[in-house]
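Trainee: Residue numbers (the numbering used here), protein chains in the order written: chain A, 4 to 231; chain B, 176 to 354; chain C, 2 to 639.
FYI, nobody ran anything at the bench for these hints, they're computed from the structure. Watch out, some of these pointers could steer you wrong.
Derived DSS-like pairs: lysine-lysine, alpha-carbon spacing no greater than 27 Å straight-line [stated by the list, open to error]:
id, chain 1, residue 1, chain 2, residue 2
1, C, LYS624, C, LYS573
2, B, LYS254, A, LYS178
3, C, LYS210, C, LYS143
4, B, LYS320, A, LYS178
5, C, LYS607, B, LYS320
6, B, LYS199, C, LYS58
7, C, LYS502, B, LYS284
8, C, LYS143, C, LYS26
9, C, LYS46, C, LYS58
10, A, LYS189, B, LYS320
11, C, LYS143, C, LYS208
12, A, LYS178, B, LYS183
13, B, LYS199, C, LYS607
14, A, LYS133, C, LYS210
15, B, LYS210, C, LYS502
16, C, LYS171, C, LYS185
17, B, LYS199, B, LYS254
18, C, LYS171, C, LYS366
19, C, LYS502, C, LYS613
20, C, LYS341, A, LYS20
21, C, LYS171, A, LYS21
22, C, LYS604, B, LYS210
23, B, LYS199, B, LYS210
24, B, LYS199, A, LYS170
25, A, LYS21, C, LYS210
26, C, LYS366, B, LYS320
27, A, LYS178, C, LYS322
28, C, LYS613, B, LYS320
29, A, LYS20, C, LYS336
30, A, LYS133, C, LYS502
31, C, LYS541, B, LYS284
32, A, LYS170, A, LYS133
33, C, LYS256, B, LYS199
34, C, LYS322, A, LYS189
35, B, LYS342, A, LYS178
36, A, LYS178, B, LYS284
Note that the structure is a prediction, hence the values are computed from the model and not measured.
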Amino acid sequence: MSEYVNITIDGHDIKAKKGERVLWAALDNDIYIPHLCGIRQEERPNAGCRLCFVEVEGASRPVTSCTKNVEEGMVITTRSERVDRLVKTAFELILSDHNLKCRECPANRSCVLQDIAKKRKIKLRHDRFKSIVREFEIDDSPAEFAFDRSRCVLCGQCIWADREEAKVGAIGFTKRGINRVVTTFKDLPLAESICTQCLLCVEACPVGALYYKKNESDDSNKNSEKNS
Amino acid sequence: MQLIEGEKDQILAIVGEVLKNSPKQREDLIPLLQKVQAKLGYLPALAMEKIADGLNIPAADVYGLATFYNQFRLNPPGKHQVKVCLGTACYMVGGDITLESFERRMEIKEGETSPDRLYSLERVACVGCCTMAPVAVVDEEVEGKVTPTRVDGIMLALQDEEKKNEKELKSNQEEGEDA
Amino acid sequence: MSNFTPAEIYKELLEEAISQGEARKEKTRVLVGTATCGVAAGALKIKEDFLREIESKNLSDDVDVFEVGCIGHCYAEPLAIIAKPGHPAICYGRLDDGLVHRLVEDFLVADDPSYEYAMAALERNDVFPTFEDFPRGIYEKKLILEQCGFIDARDVNSYLAREGYSGLAKALVEKPEWVLEEIKAANLRGRGGAGFPAGLKWEACIKSKGDAIYVICNADEGDPGAFMDRSILESDPHLVIEGMILCAYTVGAQKGYLYIRAEYPRAVTHVQEALEQARMKGLLGNSILGTDFNFDLEIFQGSGAFVCGEATALVNSMEGKMGMPESRPPRLAQKGYRGKPTVLNNVKTFAYVPLIIRNGADWFKETGTPESPGTAVFSLVGKVVNTGLVEVPMGTTLRQLIYDVGDGLPNDREFKAVQIGGPSGGCLPESALDVPIDFDSLQDAGAIMGSGGLVVMDEDDCMVSVARYFLEFTQHESCGKCTFCRLGTKHMLDILTDITKGKGDGDSLALLEELAEDVRDGSLCNLGRTAPNPVLTTLKYFRDEYIAHIEEGRCPALACRDLILYYIEPPKCSKLCNVCVGSCPTEAIFTRDDGLKEIDQEKCVKCDNCLKACPGEYNAVVKISPPVLPPEKVRVAK
Ligand SMILES: Cc1cc2nc3c(=O)[nH]c(=O)nc-3n(C[C@H](O)[C@H](O)[C@H](O)COP(=O)(O)O)c2cc1C
Ligand code: SF4
Ligand code: SF4
Ligand code: FES
Ligand code: FES
Numbered sequence: 004m005s006e007y008v009n010i011t012i013d014g015h016d017i018k019a020k021k022g023e024r025v026l027w028a029a030l031d032n033d034i035y036i037p038h039l040c041g042i043r044q045e046e047r048p049n050a051g052c053r054l055c056f057v058e059v060e061g062a063s064r065p066v067t068s069c070t071k072n073v074e075e076g077m078v079i080t081t082r083s084e085r086v087d088r089l090v091k092t093a094f095e096l097i098l099s100d101h102n103l104k105c106r107e108c109p110a111n112r113s114c115v116l117q118d119i120a121k122k123r124k125i126k127l128r129h130d131r132f133k134s135i136v137r138e139f140e141i142d143d144s145p146a147e148f149a150f151d152r153s154r155c156v157l158c159g160q161c162i163w164a165d166r167e168e169a170k171v172g173a174i175g176f177t178k179r180g181i182n183r184v185v186t187t188f189k190d191l192p193l194a195e196s197i198c199t200q201c202l203l204c205v206e207a208c209p210v211g212a213l214y215y216k217k218n219e220s221d222d223s224n225k226n227s228e229k230n231s
Numbered sequence: 176m177q178l179i180e181g182e183k184d185q186i187l188a189i190v191g192e193v194l195k196n197s198p199k200q201r202e203d204l205i206p207l208l209q210k211v212q213a214k215l216g217y218l219p220a221l222a223m224e225k226i227a228d229g230l231n232i233p234a235a236d237v238y239g240l241a242t243f244y245n246q247f248r249l250n251p252p253g254k255h256q257v258k259v260c261l262g263t264a265c266y267m268v269g270g271d272i273t274l275e276s277f278e279r280r281m282e283i284k285e286g287e288t289s290p291d292r293l294y295s296l297e298r299v300a301c302v303g304c305c306t307m308a309p310v311a312v313v314d315e316e317v318e319g320k321v322t323p324t325r326v327d328g329i330m331l332a333l334q335d336e337e338k339k340n341e342k343e344l345k346s347n348q349e350e351g352e353d354a
Numbered sequence: 002m003s004n005f006t007p008a009e010i011y012k013e014l015l016e017e018a019i020s021q022g023e024a025r026k027e028k029t030r031v032l033v034g035t036a037t038c039g040v041a042a043g044a045l046k047i048k049e050d051f052l053r054e055i056e057s058k059n060l061s062d063d064v065d066v067f068e069v070g071c072i073g074h075c076y077a078e079p080l081a082i083i084a085k086p087g088h089p090a091i092c093y094g095r096l097d098d099g100l101v102h103r104l105v106e107d108f109l110v111a112d113d114p115s116y117e118y119a120m121a122a123l124e125r126n127d128v129f130p131t132f133e134d135f136p137r138g139i140y141e142k143k144l145i146l147e148q149c150g151f152i153d154a155r156d157v158n159s160y161l162a163r164e165g166y167s168g169l170a171k172a173l174v175e176k177p178e179w180v181l182e183e184i185k186a187a188n189l190r191g192r193g194g195a196g197f198p199a200g201l202k203w204e205a206c207i208k209s210k211g212d213a214i215y216v217i218c219n220a221d222e223g224d225p226g227a228f229m230d231r232s233i234l235e236s237d238p239h240l241v242i243e244g245m246i247l248c249a250y251t252v253g254a255q256k257g258y259l260y261i262r263a264e265y266p267r268a269v270t271h272v273q274e275a276l277e278q279a280r281m282k283g284l285l286g287n288s289i290l291g292t293d294f295n296f297d298l299e300i301f302q303g304s305g306a307f308v309c310g311e312a313t314a315l316v317n318s319m320e321g322k323m324g325m326p327e328s329r330p331p332r333l334a335q336k337g338y339r340g341k342p343t344v345l346n347n348v349k350t351f352a353y354v355p356l357i358i359r360n361g362a363d364w365f366k367e368t369g370t371p372e373s374p375g376t377a378v379f380s381l382v383g384k385v386v387n388t389g390l391v392e393v394p395m396g397t398t399l400r401q402l403i404y405d406v407g408d409g410l411p412n413d414r415e416f417k418a419v420q421i422g423g424p425s426g427g428c429l430p431e432s433a434l435d436v437p438i439d440f441d442s443l444q445d446a447g448a449i450m451g452s453g454g455l456v457v458m459d460e461d462d463c464m465v466s467v468a469r470y471f472l473e474f475t476q477h478e479s480c481g482k483c484t485f486c487r488l489g490t491k492h493m494l495d496i497l498t499d500i501t502k503g504k505g506d507g508d509s510l511a512l513l514e515e516l517a518e519d520v521r522d523g524s525l526c527n528l529g530r531t532a533p534n535p536v537l538t539t540l541k542y543f544r545d546e547y548i549a550h551i552e553e554g555r556c557p558a559l560a561c562r563d564l565i566l567y568y569i570e571p572p573k574c575s576k577l578c579n580v581c582v583g584s585c586p587t588e589a590i591f592t593r594d595d596g597l598k599e600i601d602q603e604k605c606v607k608c609d610n611c612l613k614a615c616p617g618e619y620n621a622v623v624k625i626s627p628p629v630l631p632p633e634k635v636r637v638a639k
């Protein structure tokens, strides 16, 4: 049994590792697919952001590439009318619940949302959905970083870093549906929780929700570097 | 929420006992929370913390679970619990009006407990007696055809009961003082 | 293994059960329906009343009082059946203490069955009609509800005596493959919503060859208007248990679970008792009926999240996690509970299994349609005379179900729509009433069989508001994992709310429809994928109602409270009666100098009380939409 399978993405012939998922196979080959919640090592992908849709030949509807395993001979297209429509709606829905003040945001210019908007030519500001951003108190209790939930897109990258890399378990999702948030036990400020302030979650956050505080010994390019 | 004196010991005792009599795998988490809530009426933070310790999982996960499921409450319920049915049949004959009437009379919103901890108000989906719609469950008793006027009646009855209790309490105290 | 064959062991159990039953039959029995529906209507008090009256007449030694489940005639609750030797067993409805007193005095003491209070007899006789003689009896066909309400749910012997567990005894001498073939041949389709063939599901599980296999019964029943699964578990728990044991035997499982929502305490208790009794009888646990087949069942109490009815979310919650759905594949049949192959079926699906094994696949296929054999079970609610549980052959039309079984709409109201399948289902109009009820026809019409909630709506029900109601439910129950469902349903709900408040605009409908389609196509699990159905079907069939709200600020059904006002028509008001004034909870109604009543619109909370209170001979209170008083009606207040 060979280790690799042959697939085609947007007309490019690609050898992908068996068991790999389409999203990563594409990204490895410099083919862009938008994504927020995908984590390569995760055994059962979260599949929550719904941005990574592609067309797979033979499938009746677009599928999320982060959940689709590559198969020999698979033919994939990253764009189609259906895909673009779903991605645009998903993206605009996410933005409707995102505090869109880029100029005030430490992640300005390094934010994955800006990146997706640019690559897929979707406007960050749209008027289809009205903004439903809620007010949250910014948690600036940690020494070096802060957490602004009004910018959080619930991608879960920070929780993965906290659990699987830092192995701490300080943060997690709570509540259900529209009220879902990332938080600590009892909603304590991070500094009062079991958080060790290892900063791995800040590194993981693709937007400006978890960010480095600007302080005197300013190394302000940390924020703009972290997503590169 | 501040725990009243004695509450802390009670919580620790109950959680300890429940944990002692249960297997301690992650998959036992929901049954454990159910047992603790059945005894305490709610899930105090302290209880969640102890259960997390017992199962050796992050307390944040227990908190996540307790806030995810409708069944769990993080605050003690009121002495009188009113659940208004907003199942399909009840909604169609004005269950929402019934709920509003209770909100107006109790001066709290659905999902809340009054500051004096006397009343709490919840909404539920179909309690299984749609023929009596709109339905409310008042202290585990099903009340049918709960129009706003009936809400007034129910609330008056509950308030009367409380007044009586208060009086009794007072007279008991006085008696106690006399003795 | 025992020295006796399963058939021999079963025969002994059966004889014991029958002789217990015979002994009981020599006495008069009063069976009080105490499923949740009955209890809600006061059945436990009725039982106490019976016991008290019987005792006061010194009949305690001659009369036994039992609790039974739900017979499906919920509109006449509380109900009791009296079986007195020498008389046919007779059912009495709408009981109260006075009636109990009479029945005890006249029937139990004096031997007069008081037919004037009887609903129906249970067995054919020369004196009184039976339920089958009801008009609905012609259309109804009870398979899985047959014993509900007639047997003592809390006594395994009561189930055994009516051939209960005979399917198991029959199967255990056959190979598991035989059971599988029978279920496949019967084309038993899953009753939890999607109608997937149970046999194929079981087969897939067998093929995955795990080192352990689990069988789970989905009794989460989250549809806010349905209660069939609960009724079955409360009224005939052994039927479901036998079905699960048969499934376990087929797929080679040793352990199974009943996932019952914690809000169903009676169902939990009844099933718990039933499991214990089945174990005592050697029907569950180790070496079932003397064979080397071991299987045990446990209850898992669901914590009340609608999404946990979804297969992968259900498994996650059983594993102590948030009830979040996972993307599939892998399916449960490959990787389910604890990562092992798992069969998950609905309560009703399991309930058919013992009957099919007992009577054969061909017998099952005699009922229903070729593609959807068997019966459909609904909780019939809303604007229909006979609310309750109904079981009809697949293929029955909606019209028959509503007008013949349900006896039509009360108060001569005009039919407007029927909502099938709960929050995932759709609203169908008059023109769809001749659609036959089966999995595929309903799907084609835009609804789904779904969970079995069936709500009849009349001209007073606003379709926009109904769509909003269901969407509010799904939005509230969305797990929040995926973008479309978490945020998409929220925006849809906001748009709908605006429309019901008269704040919709020209673009609202287009956006709503677009978004509904994207939520349907883009969501991760079927909660999100089906959440738009009530919206899409009402948009399709009742678009004019949406437009009236948006363009005229008018609610045609006079239901949306922001678009109506209450008005007392002076020519109709009697002046002399004060009923409305007293009925108003906010003291908004006052008496004018000329004696007429008038509503202070500022104070009115639109609770509908005065309209209901105003005596029928006047009917002076009316609703007006849009909420502006026509010029001739505007008067200077106070
Ligand atoms: C949101 C949601 C809720 C569901 N709720 C239930 C339920 O309460 N009961 C049920 O049997 N199936 C429910 N289902 C369907 C189950 O996922 C599953 O298909 C079913 O239990 C399989 O059993 P069946 O093949 O016997 O129908 C639900 C599905 C979804 C998406
Ligand atoms: S804080 Fe950042 S990493 Fe964490 S869920 Fe929110 S957006 Fe994702
Ligand atoms: S569709 Fe809704 S319920 Fe299903 S995974 Fe997405 S958010 Fe959760
Ligand atoms: S990356 Fe695939 S759904 Fe988020
Ligand atoms: S909908 Fe309220 S009791 Fe069923």
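Trainee: Holds or violated: LYS189 (chain A) and LYS320 (chain B), Cα atoms, limit 27 Å.
Mentor: Given that 27 Å is the threshold and the Cα spacing comes to 40 Å, the pair is violated.
Trainee: Does the alpha-carbon distance linking LYS624 (chain C) and LYS573 (chain C) stay inside the 27 Å limit?
Mentor: 14 Å, holds
Trainee: Going straight from one Cα to the other, do LYS366 (chain C) and LYS320 (chain B) come out at no more than 27 Å?
Mentor: Outside the cut-off at roughly 42 Å; violated.
Trainee: Please verify whether LYS199 (chain B) and LYS210 (chain B) have alpha carbons no more than 27 Å apart.
Mentor: 13 Å, holds
Trainee: Given the hint that LYS133 (chain A) pairs with LYS502 (chain C), test it: the Cα-Cα distance must not exceed 27 Å.
Mentor: Distance ~17 Å between LYS133 (chain A) and LYS502 (chain C) Cα, so the pair holds.
Trainee: With a cut-off of 27 Å on the C-alpha distance, tell me whether LYS46 (chain C) and LYS58 (chain C) pass.
Mentor: This hinted pair holds, its Cα atoms lying about 18 Å apart.
Trainee: Given the hint that LYS210 (chain C) pairs with LYS143 (chain C), test it: the Cα-Cα distance must not exceed 27 Å.
Mentor: 37 Å, violated
Trainee: Given the hint that LYS604 (chain C) pairs with LYS210 (chain B), test it: the Cα-Cα distance must not exceed 27 Å.
Mentor: Not satisfied, since the Cα-Cα distance of roughly 46 Å exceeds 27 Å.
Trainee: Would you check the hint for LYS178 (chain A) and LYS322 (chain C), treating anything up to 27 Å between C-alpha atoms as holding?
Mentor: Judged against 27 Å, a Cα distance of about 13 Å means the pair holds.
Trainee: Could you grab the alpha-carbon distance between LYS143 (chain C) and LYS26 (chain C) and see if it respects the 27 Å cut-off?
Mentor: 24 Å, holds
Trainee: Are LYS143 (chain C) and LYS208 (chain C) close enough, with their CA atoms no more than 27 Å apart?
Mentor: Outside the cut-off at roughly 34 Å; violated.
Trainee: Is the Cα-Cα distance between LYS210 (chain B) and LYS502 (chain C) 27 Å or less?
Mentor: Between LYS210 (chain B) and LYS502 (chain C) the Cα gap is close to 44 Å, so the pair fails against 27 Å, i.e. violated.
Violation of the numbered hints given earlier is confined to hints 3, 4, 6, 10, 11, 13, 14, 15, 17, 21, 22, 26, 31, 32 and 35; the remaining hints are satisfied by the structure.
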